[in-house]
Amino acid sequence: MTTTSEVGKIVASKGIRKREQRGRIIMGSVFLAAALITFLFFVGDLEPGIETRFVMNPGGGSAEAADWVFPTATVLNIVAGLSAMLGAYQIIRGFGKLTNGILALVSILFIFSFLSWASAGGQTNLAGLLRVMVVRAVPLTLGAMSGILCERAGIINIAIEGMMLTAAFVSTVFASLSNSLWVGLLSGILAGGLMGLIHGVLCIKYKINQIISGTVINIFATGITSYLSSKFIQKVQYQYLNEPGMFPQINVPVLSKIPFIGPILFSHNMYVFAMFFFVALLTFMLFKTRWGLRHRAVGEHPKAADTLGINVFKTQYMAVILGGMMAGFGGTYFTLGSSGRFDEVMTAGRGFIGLAAMIFGNWHPVGSMGAGMLFGFFDSLSAKASLLQVPLPSEFLGMAPYLATIIVLAGVVGRSHAPAAEGEPYEKE
Amino acid sequence: MEKTEEKKKNSIEIFWDEFSRSNFLVILLAIFTGIVLGGVLVAITTNEVYEAFRISFWSGLGTAFRTAWNTYVALFTGSVGDLGKIRAAFESGDGLTIRRAINPFFESLVQSTPYIFGGLAVALGFRAGLFNIGVEGQLFIGAVTGVWAGYAISGLPAFIHIPLAMFFGALGGALWGFVPGILKAKTGAHEVITTIMMNYIAFRLVDWLLKVPMHDPNEFTPKTPWIFETAKLPRFFDTPIRFHLGFFIALLMALLVYLLLFKTTWGFELRMVGSNPNAARYAGIKITTATVVAMVLSGALAGMAGANEVLGVNYRLLPAFSSGYGFDSIALALLGKTHPFGVVLSSLLFGFLRNGARSMQLTVGVPIDIVSILQALILAFIAAPAIIRTIYRLRESKTKEDLVSLRSWKG
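Chains as they are written, first to last, in the working numbering: chain A, 1 to 429; chain B, 1 to 411.
Don't take each hint at face value.
Said to hold, decoys possible - In the SDA-like style, the derived pairs of lysine to any residue whose C-alpha atoms are separated by at most 20 Å in a straight line are:
no., chain 1, residue 1, chain 2, residue 2
1, A, K205, B, Y392
2, A, K205, B, R389
3, A, K314, A, L194
4, A, K207, B, S275
5, A, K231, B, Y72
6, A, K231, B, E51
7, B, K186, A, I25
8, B, K211, A, L392
9, A, K428, B, A386
10, B, K211, A, A400
11, B, K211, B, Y315
As the list claims (entries may be wrong) - Distance ranges between label pairs, derived from CB positions:
no., chain 1, residue 1, chain 2, residue 2, range
12, A, K314, B, G324, 35 to 41 Å
13, A, L197, B, S56, 34 to 40 Å
14, A, K303, B, I12, 42 to 48 Å
Worth flagging that the hints you see were computed from the coordinates, not collected in a lab.
Yeah, the Cβ is synthetic: ideal placement off N, Cα and C, and Gly gets one too.
Just chain B, with the same shape it has in the complex:
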């Protein structure tokens, strides 16, 4: 009966039928709803809106809408660039003016880069059924080992020094991921708690390293020495554009993670351990090995995020250099549905948002923390598609929409 009914529908209806059940639509609507709610928040925390409401309801509503609109325009301009300015700059033909005008766009890509590494790290863990909250700590350790390879090893040509420093960063992060991995595999200690603890250990260790053994003697405050020219990730443009090779390394990593997870037997086994450990055990897969390797790889990716920041942006390590990239990565991995390419897209989205929000804070005075709020809202809607499906009266998905399969402390 149902099939004959479906045949009567025209192609557009069939398309809509499929589309309204798809996860893709839910993601779009989740982002849209998050942005609308963020706009509402901006409007209701602005004094002018209340003053306008005192005049009349409609002028209040208009002002509220205009406030939210201006905020998002400022966000867009801050993340992509002022289109009018860009056109004028290209007409003037002056190199520096052009670079200044297009800088916001490339700066957003620079912001996205550590997100891609970090998001991949979390996503890889999720695929193996592991929740790596320790990306922040692994990132710090990766930055330390990366920067060390950058300033302590000299006399290498750039084409060896750069990969070596990146490798050191990955190695540091991998070590920091190995500890929770082996503990989980051998003793069942839950990685959520052990990675959080490893974070705090990493912060204190890095504080000490910057103060004593890695302290640049020419500086009063704790900082490491500058890295050698040969260790710096090459930049593609002159100042002020900081866009560097790290972005493409991150994309390459996304591709590698994709190939590993979906095109190799080992990746299949890893995903099986994540989605159904009992079945994996019966199939003869070594769960302990898979767990340890997944945590090591996850840590290595996180370490590369840290190395990327010191080798491509800062050129030295300062205390508290990461503004919570590691914690944001959790949201990004989930937003990207723990798929490597999804992670790239969500990282770009939040890289642009965060970069735009920084200049938005200066131009229209809306605090940068609006990005975290958007992040939380979007994440909640994506994790609970039922909310979105209820709001927009969409149909139930045909496929099961489990984002990740995580187990409780018992492991």
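If we strip away everything but chain A, and leave its shape as in the complex, we get:
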């Protein structure tokens, strides 16, 4: 005897299978389109015998690497063929769980062919481009991890921007006053944690809608930092409050001497290394420890977690405070790691892009860092677009990450999986 619910389940699973099939075909078509564009627009546009030169040295680094020169058309044809093959396999058989990885590969191949085409007959500093990419990815990745910490416990955090901005301001003032970067860093982290706590009180205790609570914090942070900034630290007599200094560049011994990779990954100030460290730490904590299991349980099914004796409210408060501290750490990057001074609204929407990186990376630290790198790359590319011989305005290159986010959200990559109980205030019975 089949009950109605069982019938419903069968129908639903059929629907899911159909959707998966459709997704597979769409994805395969995207790969084929990438191959086709490479072949028609990039290869078709080239003069015969032209070469591309990639400079593999960002300049100022300690390691030397020879330039990479190759015949453009030949290499691009190989790349296009490879993408086409991947696309055909995706349509016929499907890569299954590997799909997202293959998508990343095809995207990288496509960007590579774009760059090769754009610098055909000239040269592009590939190492410099990638080095800037890593640097630009730092605030985005740290912001995304702040989001992950909160959202894995069921609290939406769109206040990353405000938390970062507050931390940037506070760290500047305290670092200038104490003459110590580490005091500034610590104060910034604490300020971020405080903003996280406020977010928690508003949406856990008072049960305000979490998106509205985040908006309140963003508006407040913009207001208070700009107010104090124009009242004090932008004025000449208080100039000493806005001279925090910057963390120095660290050249990791041995590793920074590796040609090409060394200067890109191992010659930065401590923020880049901290980013890698935190990504690894958070991945381990969330997915390999008891703490992480509890944390995620609260985000997926708070009632079940409560029944098993997990303190839901305590977990959520801890999540927002830790998330705030992570955003705070990311915020100090703007002042102590990048510019050495505070300017009004200097985060310029990076917190929101971090949020997008989180969704792009499917609420996973490693994925989010990948998304952060992708956004960072386009950031770095659009800054250099005027140097490339491209018929495409730099503004359009700058749009690419946002378009990509929309496409990802629209389900081309397969639906992203937000924690199930996100956004719903937990009511203890």
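With chain A held as given, fit chain B onto it using these hints.
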């Protein structure tokens, strides 16, 4: 038992009983508390106050109070006008002097106008359960399409050209709202993220448009050409008063949104989708259609905010012409309890505050950003009435005080 007890109370007590439970009182107290806290902030960031505290506690307290008071007096004078000056101007009878004296009041109305459009846009979205953070981007696109209709189409009489340019503005914004709407309806992509992304796309697109295709060849910096006289929203007074027809268009829109939401079946369905999508689905309402139409209308209103600025105030489009109207609108919509008339009131409040704050910055040196702080504080208190009810020991409201029903990323 309770009823007989209530009968014993006199009418004033009954009134107070009702009043202390009402949302209206909470809004008033939220604004009041926000303003008090803002005054405290101004006082504790002023050097003279600390110097006075060094003399004695009472002189410190007095100076603190005077500082906050002077700030708000300057804010009032900047937003409404100096009452003494206005009287003197009317006595002198000189037209220009009078206009100068009453200009702050009308300038505040000019400031409020884009807020009304933007606030309505956000409020309409909230009513349908959508959080449109994309008002800023829709506003930019609306300004672009509006200004284009203003300078590229010529030879029309004003009574056709003005509505046409406004319509173009609405159309641009609607298009920018349509994309997140259709994505939400068809794929479930959450509008908070898609609208934020659409914002950045809009900023970059407008940057490029101003630099290349819409660039006025006579100018060095990126600017569009001036719009034709026939596209300008008429002003009601001579210089320096910039008060223009846009304000009344905004009021008309508020009325239309009110009628749409509360007096039509379609508006009822839209609100049902917003408050209880499951019930709406069972009632046979097409949620996808409602979502798309709500985003399109919301975008259209935001686009009109942009068109209003270029057709009524600037007469051309410059880069970064909006100082965050779109983001302020979110706070205004919530402050107005997502009701069209509430939005008009909150827009007026913040239009006056922002205009007053600008001259306050010049006269007493308090940065204009105090307005954002007030905005955040008031918004927090309104969103969490429990805070206000605890501070002032008010009773619990009888009705549920949910401002909006928004769902998480899952849609």
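Hint check results:
Simply put, K205 (chain A) and Y392 (chain B) have alpha-carbon atoms about 18 Å apart, close enough for the 20 Å limit, and the pair holds. Under the criterion of a C-alpha separation no larger than 20 Å, the hint pairing K205 (chain A) with R389 (chain B) is consistent with the structure, at around 14 Å. For the hint linking K314 (chain A) to L194 (chain A), the alpha-carbon distance of about 16 Å falls within 20 Å, and the restraint holds. Distance restraint check for K207 (chain A) and S275 (chain B): the Cα-Cα separation of roughly 17 Å lies within the 20 Å cut-off, and the hinted pair is therefore satisfied.
For the suggested pair K231 (chain A) and Y72 (chain B), the alpha carbons sit about 17 Å apart, so the restraint of at most 20 Å is met. Distance check on the hinted pair: K231 (chain A) and E51 (chain B) sit about 17 Å apart at the alpha-carbon level, within 20 Å; holds. For the given pair, K186 (chain B) sits about 18 Å from I25 (chain A) by alpha-carbon distance, which is consistent with the 20 Å threshold. Note on K211 (chain B) and L392 (chain A): the hinted pairing holds, with a Cα-Cα distance of about 14 Å set against a maximum of 20 Å.
Of the supplied pair hints, the one linking K428 (chain A) and A386 (chain B) holds, its CA atoms being roughly 18 Å apart against a limit of 20 Å. Distance restraint check for K211 (chain B) and A400 (chain A): the Cα-Cα separation of roughly 19 Å lies within the 20 Å cut-off, and the hinted pair is therefore satisfied. For the hint pairing K211 (chain B) with Y315 (chain B), the CA-to-CA distance comes to about 18 Å; that is within 20 Å, so the pair holds. Remark: the range hint 35 to 41 Å for K314 (chain A) to G324 (chain B) is upheld by a beta-carbon distance near 37 Å.
For L197 (chain A) and S56 (chain B), the hinted distance range of 34 to 40 Å is satisfied, since their beta carbons lie about 36 Å from each other. Range check, K303 (chain A) to I12 (chain B): Cβ separation about 46 Å, and the 42 to 48 Å hint holds.
Going through the hint list in order, the structure satisfies each hint without exception.
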